[in-house]
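Since each chain sits alone in its own frame, please combine them into the complex, following the hints.
Protein chains in written order, with the numbering used here: chain A, 5 to 117; chain B, 3 to 115.
To be clear, the hints were calculated from the coordinates, so they are not data collected in a lab.
None of these values were measured; they are calculated from a predicted model.
One should not assume that every hint holds.
[As the list claims (entries may be wrong)] Stretch-level coverage of chain B by chain A, calculated; a stretch enters the list once three of its residues show a Cβ under 8 Å from a Cβ in chain A:
{"no.": "1", "region": "10-21"}
{"no.": "2", "region": "47-53"}
{"no.": "3", "region": "68-76"}
[As the list claims (entries may be wrong)] Restraint ranges, calculated between C-beta atoms of paired labels, are given here:
{"no.": "4", "chain 1": "A", "residue 1": "Arg77", "chain 2": "B", "residue 2": "Ile46", "range": "18 to 28 Å"}
{"no.": "5", "chain 1": "B", "residue 1": "Ser77", "chain 2": "A", "residue 2": "Lys17", "range": "37 to 47 Å"}
{"no.": "6", "chain 1": "B", "residue 1": "Pro52", "chain 2": "A", "residue 2": "Ala6", "range": "21 to 31 Å"}
{"no.": "7", "chain 1": "A", "residue 1": "Lys61", "chain 2": "B", "residue 2": "Pro10", "range": "31 to 41 Å"}
{"no.": "8", "chain 1": "A", "residue 1": "Arg13", "chain 2": "B", "residue 2": "Arg70", "range": "33 to 43 Å"}
{"no.": "9", "chain 1": "B", "residue 1": "Thr82", "chain 2": "A", "residue 2": "Pro12", "range": "24 to 34 Å"}
{"no.": "10", "chain 1": "A", "residue 1": "Ser55", "chain 2": "B", "residue 2": "Asn47", "range": "15 to 25 Å"}
{"no.": "11", "chain 1": "A", "residue 1": "Arg77", "chain 2": "B", "residue 2": "Asn40", "range": "23 to 33 Å"}
{"no.": "12", "chain 1": "B", "residue 1": "Asp12", "chain 2": "A", "residue 2": "Thr42", "range": "34 to 44 Å"}
[Stated by the list, open to error] Short derived list, chain A residues pointing at chain B, Cβ under 8 Å:
{"no.": "13", "residue": "Ser83"}
{"no.": "14", "residue": "Leu85"}
{"no.": "15", "residue": "Gly98"}
{"no.": "16", "residue": "Gly100"}
Yeah, the Cβ is synthetic: ideal placement off N, Cα and C, and Gly gets one too.
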Amino acid sequence: KAGVTQTPRYLIKTRGQQVTLSCSPISGHRSVSWYQQTPGQGLQFLFEYFSETQRNKGNFPGRFSGRQFSNSRSEMNVSTLELGDSALYLCASGLGHSTDTQYFGPGTRLTVL
Amino acid sequence: GIQVEQSPPDLILQEGANSTLRCNFSDSVNNLQWFHQNPWGQLINLFYIPSGTKQNGRLSATTVATERYSLLYISSSQTTDSGVYFCAVPREAGGTSYGKLTFGQGTILTVHP
Chain A
5 KAGVTQTPRY
15 LIKTRGQQVT
25 LSCSPISGHR
35 SVSWYQQTPG
45 QGLQFLFEYF
55 SETQRNKGNF
65 PGRFSGRQFS
75 NSRSEMNVST
85 LELGDSALYL
95 CASGLGHSTD
105 TQYFGPGTRL
115 TVL
Chain B
3 GIQVEQSPPD
13 LILQEGANST
23 LRCNFSDSVN
33 NLQWFHQNPW
43 GQLINLFYIP
53 SGTKQNGRLS
63 ATTVATERYS
73 LLYISSSQTT
83 DSGVYFCAVP
93 REAGGTSYGK
103 LTFGQGTILT
113 VHP
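This is chain B alone, in the form it adopts within the complex (with noise of 0.2 Å):
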């Protein structure tokens, strides 16, 4: 199956401050997503994202499919950024796998004020 890499596993800021998560993935993907997972366990969609450019906010995301790595930035963060943030791909190549996605070890994000 596809494997996935993400970076760095932890990430402390100061808020106002910027950073940049990446995810690595192993083959290519026609489905690529990132979530943040609140502290009582819920994920929460950020971005479906296979390639290209999408903006939300102070949040964007970069997906260079070719290249096959992610990026997720968070600009200006703020305590309630805080968190674990994930990507996910489809566990093997080929689009048969539906609703079955692998997941990242992920990012945990401390946003302090």
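Isolated chain A, as found in the complex (with noise of 0.2 Å):
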């Protein structure tokens, strides 16, 4: 089985610029989470989808957002970038239960020049 893929790995944009990143859970997962690592901050949680509806939502502002389609593909936007915007931004797909185990793609790694 297919681990969880995020696209593009690696992007340079602007301040003041948008940018999406992809996610494609693992076949079967319906529920997608994504997170930014910054070595300052950590492991920070963004926000979580599950069969097209955001179930959980982190401490981030209305920047970030992001959508899931059908086939629980997930999407995030950041707009209006920011230098400290800049992180490895990771996705994790699950069943889509309290108990699941949570497993990561290979991330990808935002620099706002």
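So, in structure tokens, the structure goes:
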């Protein structure tokens, strides 16, 4: 079974631009979660989608948004990029239960100049 | 939300040595995972262990849920074990933290040949 895939793997943007990241979960998984990892803040939860609905949201500004499609693939969008948005963005997939094992993708490394 | 503390923050070993990593959490949990983050940033699942003991080759883990801690044991360490080890638990108690994990700050393990 293929693992979680994320595209693109690397991205360089400038301040003020917007960016869209994509995540394809493991086949059969209906939950996709997104995390931001920075050296200063560690791994922080962004949001979780299940069956095209956002079920949980972390403490990030509204510039961070996401969506999930009927095939469970998910995208996250960051608008009006700031230097502090430079980070590794990781997505995880699971079956959708609170006791799930979460499986992570390889991440997208975003650099904002 | 549930707080997670990992210790030690850094660990330097010679190849062949054994080590114990600790994860303390502040509330009862129904989900606890250990991950290894490789140099390219991907989080690799090691154990799903909300309670009890599991072993996988040179690695084993024990979670004592009633005392709110988990231990990860690495025996006969190898240079390929280097990286960051994270434990993660649901963000809140109560079983509604779907895909919403809180991570510890990690233990950076360096194994020298």
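key: Hint check for A:Thr42 and B:Asp12 - Cβ pair distance inside 34 to 44 Å   = At roughly 19 Å between Cβ atoms, A:Thr42 and B:Asp12 fall outside 34 to 44 Å, so the hint is violated.
Check your understanding: Was the hint right that A:Gly100 lines chain B, CB cutoff 8 Å?
Key -> holds (6 Å)
**Asked** Going by Cβ atoms only, is A:Gly98 closer than 8 Å to chain B?
**Response** Given a least distance of 6 Å, the restraint on A:Gly98 holds.
Practice item. Tell me if chain A covers the region 68-76 of chain B under the three-residue, 8 Å CB rule, please? Key: violated (count 0)
Please check whether A:Arg13 and B:Arg70 have a Cβ separation lying inside 33 to 43 Å. Holds, since A:Arg13 and B:Arg70 (Cβ atoms, about 37 Å apart) stay within the stated range.
Handout entry: Assertion that chain A covers the region 47-53 of chain B - criterion: three or more residues, beta-carbon distance below 8 Å
Key = As far as the region 47-53 of chain B goes, the hint holds, because 3 residues have Cβ atoms under 8 Å from chain A.
Kindly confirm whether 23 to 33 Å is satisfied by the beta carbon distance between A:Arg77 and B:Asn40. Cβ of A:Arg77 to Cβ of B:Asn40: about 24 Å, so the range 23 to 33 Å holds.
Review point. Does A:Ser83 pass the interface hint, meaning its C-beta sits closer than 8 Å to a C-beta of chain B?
Key: This interface hint is violated because 23 Å lies over the 8 Å limit.
### Task
Take the C-beta atom of A:Lys61 and the C-beta atom of B:Pro10, compute their distance, and say whether it sits inside 31 to 41 Å.
holds (33 Å)
CB-CB spacing for A:Pro12 and B:Thr82 relative to the 24 to 34 Å hint:
holds (27 Å)
### Message
Given the hint of 21 to 31 Å, is the C-beta distance from B:Pro52 to A:Ala6 inside that range or not?
### Response
For B:Pro52 and A:Ala6 the Cβ distance comes to about 27 Å; the hint holds.
Does A:Leu85 meet its interface restraint, that is, does its C-beta lie within less than 8 Å of any C-beta in chain B?
-> violated (20 Å)
Going through the hint list in order, the structure does not satisfy hints 1, 3, 12, 13, 14.
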